[in-house]
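J.: Sequence:
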Amino acid sequence: MQMTTQAKFVRDGSQVVNVATAATLTCNDKFILLLDKKGKKVLYREGEGIAALFSDFKKVVKPDEEYGLVLDDGGFIDLRSVSTVFTSPKTGNLVVLSHDERALYVFPKSTYKDIDGLSESLLDVLVNVGPKKKISKIDWDAYKG
199 MQMTTQAKFV RDGSQVVNVA TAATLTCNDK FILLLDKKGK KVLYREGEGI AALFSDFKKV
259 VKPDEEYGLV LDDGGFIDLR SVSTVFTSPK TGNLVVLSHD ERALYVFPKS TYKDIDGLSE
319 SLLDVLVNVG PKKKISKIDW DAYKG
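Positions in the sequence shown are counted from 1; adding 198 to them yields the working numbering.
Possibly wrong hints are sitting among the right ones.
Lysine-lysine pairs mimicking DSS-like chemistry, simulated, CA-CA at most 30 Å apart [claimed, not checked]:
1. K206 / K331
2. K311 / K335
3. K330 / K307
4. K288 / K260
5. K330 / K228
6. K331 / K228
What the hints contain is simulated information worked out from the structure, not anything from laboratory work.
Take these sequences, add in the hints, and give me the full structure.
T.: Next comes the structure, spelled out in structure tokens:
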């Protein structure tokens with residue numbers, strides 16, 4: 199069950215969206231992405247101020263207990279929206295793709311020195327996910343080396 203503390207409305211062009219409906223919340227140095235539990239975009243934002251938004255959104259949106267994988271930075275991915283996880287032969291990064299073949303999250307090889315170990319840990323989490331099961335936590339620091 200998804201837990202939120204409150205509604206949080208944000209302007210997105212000519213519309214207003216409630217980010218508290220998000221099940222996935224990821225951020226990098228270029229953009230912030232929020233998806234619902236079906237993988238549909240709730241909000242995508244680029245540019246200045248995304249770090250502050252990310253911090254603000256983490257106070258409002260909470261991961262699903264059965265499907266929300268909490269990331270190292272406090273963001274999370276709803277595993278129902280994941281289609282594929284692979285190590286990029288070009289970059290060596292571990293990439294998590296959504297059902298529409300877009301990157302949900304990239305674990306950079308420059309940060310995670312043990313990409314193979316992290317990949318195995320993430321795959322173990324994915325194959326053990328399901329209703330009424332508590333999602334396993336990953337010790338992100340163990341793979342940073």
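J.: Confirm or reject each hint.
T.: Evaluation of the provided hints:
Restraint check: the Cα-Cα separation between K206 and K331 comes to about 29 Å, which is no more than 30 Å; the hinted pair holds. For the suggested pair K311 and K335, the alpha carbons sit about 19 Å apart, so the restraint of at most 30 Å is met. For the suggested pair K330 and K307, the alpha carbons sit about 33 Å apart, so the restraint of at most 30 Å is broken. Only pairs whose Cα atoms come within 30 Å are accepted, and K288 paired with K260 is rejected, the gap being roughly 34 Å.
Restraint check for K330 and K228: the C-alpha separation of about 35 Å exceeds 30 Å, so the hint is violated. The suggested pairing of K331 with K228 is violated, with an alpha-carbon distance near 34 Å, which exceeds 30 Å.
Figure legend: structure checked against the earlier numbered hints; hints not met, in rising order: 3, 4, 5, 6.
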